[in-house]
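Here is what each chain is made of, one letter per residue.
Number of protein chains: 2
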Amino acid sequence: MNLFEKTIHRASIYKGAIIDLEVHDVELPDGQNSKRELIYHNGAVAVCAITPDDKIILVKQFRKACEKPLLEIPAGKLEKGEEREAAAKRELQEETGYIAEELELISEMYGSPGFSNEKISIYLAKDLKNGEMHLDEDEFLELEYYHMSEIQTMLDNKVLEDAKTIIALQYILLNYNHYK
Amino acid sequence: MNLFEKTIHRASIYKGAIIDLEVHDVELPDGQNSKRELIYHNGAVAVCAITPDDKIILVKQFRKACEKPLLEIPAGKLEKGEEREAAAKRELQEETGYIAEELELISEMYGSPGFSNEKISIYLAKDLKNGEMHLDEDEFLELEYYHMSEIQTMLDNKVLEDAKTIIALQYILLNYNHYK
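First to last, the protein sequences are chains X and W.
Throughout the first sequence, residue numbering follows this note's numbering, covering 13 to 192 in sequence.
Throughout the second sequence, residue numbering follows this note's numbering, covering 13 to 192 in sequence.
Okay, chain X solo, but in the shape it has when bound (with noise of 0.2 Å):
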């Protein structure tokens, strides 16, 4: 079956700082057509950071649309042109303070593709060397460290909301089977 929905007409309703959205009329693969409401985001990077002592690095954030903090590894909008593993690079050392050299790609994925393009990447970064942190002036964070030995409690309590932050959690179980 072909899928495709074709754009037969395309409003911008927003352009903002993060997002932008529009509406557009679209014609289904039947012939009739239906309304689409899309947000375009620029992308993200997410590292799910492994200390020398085997921690993980998260941080807790206070998320406005959800009205309360969440617990993620770290992570951040691509700029506009930049490279993704090197907003990785940067976002781990913004954020944590930590520097890694080399960085594993975990997944590629769209958190809400529902009605959103947001495709973050997420890494697996080991080997850290410290450096200093330079928050977004807008940007309030604390930082938290978890043995890799918590994370299936963790899961098993749902005490992680966030999709990369289970996604990086769930991938370190799976490959690092001491740790399960």
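If you are wondering where the hints come from, they were derived from the structure by calculation, not from laboratory data.
Note that this is a predicted model, so its numbers are computed, not measured.
A virtual CB, placed ideally from N, CA and C, is assigned to each residue, including glycine.
Careful, some of the hints might be misleading.
[What the hints assert, rightly or not] Rough simulated footprint, nothing fancy, chain X against chain W, three-plus residues with beta-carbon under 8 Å:
no., region
1, 44–52
2, 56–68
3, 122–131
4, 180–188
Guided by the hints, dock chain W onto chain X, whose structure is given.
Here is chain W on its own, set in the frame of chain X:
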């Protein structure tokens, strides 16, 4: 540290069928002000359904925001006032025809917490019974069946790009060890 961001002013930019957009002026923890662009969504449910012959049901569906079809576990939006487990059973039957009497909650997660409150509840369904499909009139999808022994390879090859689907299939691998 108190991470809370207080809303000082709230502007409604768009109220749509699926999403609303608001821009909030917030007071940061240090007393400075900033802006937050926020997408409000009623929430969603998803079901990782295992057939009696140990296959996972995935749906291939065109995602306009991403301009391509994605392979996902069956999912859908919560209707206003609808209970999440009831919505999950309804969506599973609408999209696949299968009826699940019992669901197990795998995860409740935010896919894009940086700007959206969309919370997705992911369930596991076994002991499926046959029922009838009822697709929405603007919904076009293809069903695909993958044996549980194929999941590890799909994850390794990064063919899955939808966060809820990756979380569900990693969960299967972590909790049904004989399929690894």
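Tested hints:
As drawn, the region 44–52 of chain W meets chain X at 8 residues by the rule of a beta-carbon pair under 8 Å; at three or more, the given contact holds. With 1 residues bearing a CB less than 8 Å from a CB of chain X, the region 56–68 of chain W misses the requirement of three and the coverage assertion fails. Coverage of the region 122–131 of chain W by chain X holds. Counting CB-CB distances below 8 Å, 10 residues qualify, and the rule asks for three or more. With a threshold of 8 Å between beta carbons, the proposed coverage of the region 180–188 of chain W by chain X holds, since 4 of its residues qualify and at least three are required.
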